[in-house]
Amino acid sequence: MLWKTADYTGWGRALRAKGEIARPERRRLLDEIVTGGLVPAIGMRRSYGDAALNDGGRVIDMTRLDRMLGFDPATGVLEVEAGARVGEIAAAFGPRGWLPAVMPGTGFATVGGCIGQDVHGKNHHHAGSFCQHVAGFTLITAAGPVEVTPEGTPGLFHATAGGLGQTGIIARAKLRLHPCKGDVMVVTERRVEDWDEHIARLDASDATYTVGWIDATATGAGLGRGILEEGETGSGLMPKRVRNRKVPLDAPHFALAGPVVRAFNAAYYRRVPATGRTTVKPIGDFFFPLDKIHDWNRLYGKRGFHQFQCVVPLEAAPALRDMLETIATSGLASPLAVLKRMGPGRAGHLSFPMEGYTLAVDFPNRAEARELIRRLEDRAAEAGGRLYFAKDSLAQGTAIRAMYPDLPDWQEEVAKADPLAALSTDLVRRLSLRSAR
Amino acid sequence: MNRTWIILGATSSMARAFARAGAAEGAGVLLAGRDGEELAALAADCRLRGARLAEAVAFDARDARGFGPLVERLEAEEGELNAAVFVGSMPEQPAIDRDPSLIDGVVADSFTGPARFLQMLAPVMEARGGGTVVGVGSVAGDRGRLGNYVYGAAKAGFATYLSGLRNRLTRAGGHVVTVKPGFVDTAMTWGLPGLFLVASPEAVAADLLKAVRKKRNVIYTPFFWRWIMLIIRHIPEPVFKKMKI
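As you go down the protein sequences, you meet chains A and B in turn. Just so we're aligned: 303 in numbering that gives the first Met the number 0 is position 304 of the first sequence, and the numbers increase by one with no gaps anywhere. Just so we're aligned: 211 in numbering that gives the first Met the number 0 is position 212 of the second sequence, and the numbers increase by one with no gaps anywhere.
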């Protein structure tokens, strides 16, 4: 049958939706579905909150329209269907010397999703955001399919890049791949002892790919300690083979209780020798470290989890330090916390990046954690920063308006492309993104 | 070694995953089916995933006139020749009850069409002295059930045919793998109630390629369906005829 009624969630599993889902496997079927009106498109649902949810309505699951359609080795431009996953592109093209120019933290993200959130990767400080490497895409709007390019249709392009799927259904996209040396990563890991060193090392890093893992449970003198990872692509080296694992069931609540996380983090920190180390890893292992544990979101149990991610301007680093201190002393943080320096690159009105530092921390879905995240959101706003729609599940619309000053420009384009607001999602409604205030 | 697969019914979910897995191993794939637009997209995809050759070719299980040219096209490739059959159709049983003439189409799609094609291909494979046929049957072929016994009967016929073909090709250095998938997450099963332990097409494709490498004769995928069907086959008929499963 075409429409299946199902309960579904985002990656964080804290927010839920129920509604009808179609999953076309043929292009013609997608065309047929939208003749009856636009329906929001979703991919692998790797956004943590409700960006891919449409409670009580319909969605189109694009994951089976996932073919690579053409590649021009002269320009490095790859045309793919929107359901194609970034990790599969990397696996197919890495050995031939090409990679997606920007890859998010999971290879399961679809190209359509990467455009809709204008995602960034560990090379944002050099390469900018995902959509800055998109040469164009085919967008199904209320008026029919439109070929969108940054030069030819800048209005629609900037509203679709990071535009949360509100301008239309992205059917196909042309990506400018980036040449790479080979299909392995040479990774240098080094301990950093505290916040100041962490920031200094991130500032000084001239590696192509840089990211800091941060121990969000360390307090006092150890606040901000972690491991700085720097990577370059390499060739002719043989990485160790990695086994995929799967989390078979929902973990009990105590699996990620405070003492467990503190012990894990301390061990994880000491795993890297005090003198640092350099290793060779498969590409996927460096870019998508958690993908080899399938369904790792189940570690948080049935109630799910939230991720808080904000970016603050460079000069607001002290405010970010204070936020980390609040997190560390709360005893609520999980092992997954990341600190990164971002460049200014962004491609859309609602793109997340700004030049500054971004911090991402996971929290189990509990009342204290939700309360803490709300306070952190206020502090991010005060610091002149912003929240990431791919992660957010708790914010309110009023706070968002100050963070995204281009919202009116986006709204204007969206109103033209989807005048009936057929593409609204739970996130868009929660934050009233499409209304005047 | 040059290896080429002709994949009948290549736009189906399972066939697509199989073609991609074969492409990633560098094999050539001739993608046979009725939907030219979809086949062309899949061919492009397979080439970009590493296929030595990927080509869309027309195949309609109900029109045997096209079989000869297809066999010739495959024969034109050097090296090992292989075939994988994913065709089949399953109208709802009530539709067949209303219009018994639908049986002809089901049998042609699921049994006689592919069998006739393989019968034409067999001498070519014998002459080449190797190659593998992967034939996708169904657990529905293991026992006739109220819900889909026409489809089940056609698949049972195909399974018996494959058993005989295995007997024949083995003598010439070839091999036949009979595959009986349980519930697979395809367009055909999307939204059907009552499914459990549903396998992804990619997992099934990996199982098939492994069975080809290991020269398995009959596989169930996922593997536990062997045990489920063992039980179902052994329910005594006086009991089974009253059951509704």
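The set of hints was computed from the structure by calculation and includes no laboratory data. Using N, Cα and C, we set each Cβ at its ideal position, and we do this for glycine too. Worth double-checking, as some hints may not be accurate.
Chain A is faced by these chain B residues, among others (derived, beta-carbon under 7 Å) [as the list claims (entries may be wrong)]:
hint, residue
1, GLY35
2, GLU37
3, ARG48
4, GLY143
5, ASP184
6, MET187
7, TRP189
Hint by hint, here is what the structure shows:
1. GLY35: Because about 11 Å separates GLY35(B) from the closest Cβ in chain A, which is outside the 7 Å limit, the hint is violated.
2. GLU37: Because about 5 Å separates GLU37(B) from the closest Cβ in chain A, which is inside the 7 Å limit, the hint holds.
3. ARG48: At about 5 Å, which falls below the 7 Å cut-off, the nearest Cβ of chain A leaves the hint on ARG48(B) intact, so it holds.
4. GLY143: Where the cut-off is 7 Å and the nearest Cβ of chain A is about 24 Å from GLY143(B), the hint is violated.
5. ASP184: violated, 9 Å
6. MET187: violated, 10 Å
7. TRP189: With a closest approach of 6 Å, the TRP189(B) hint holds.
Of the numbered hints given earlier, the model fails hints 1, 4, 5, 6; all others are met.
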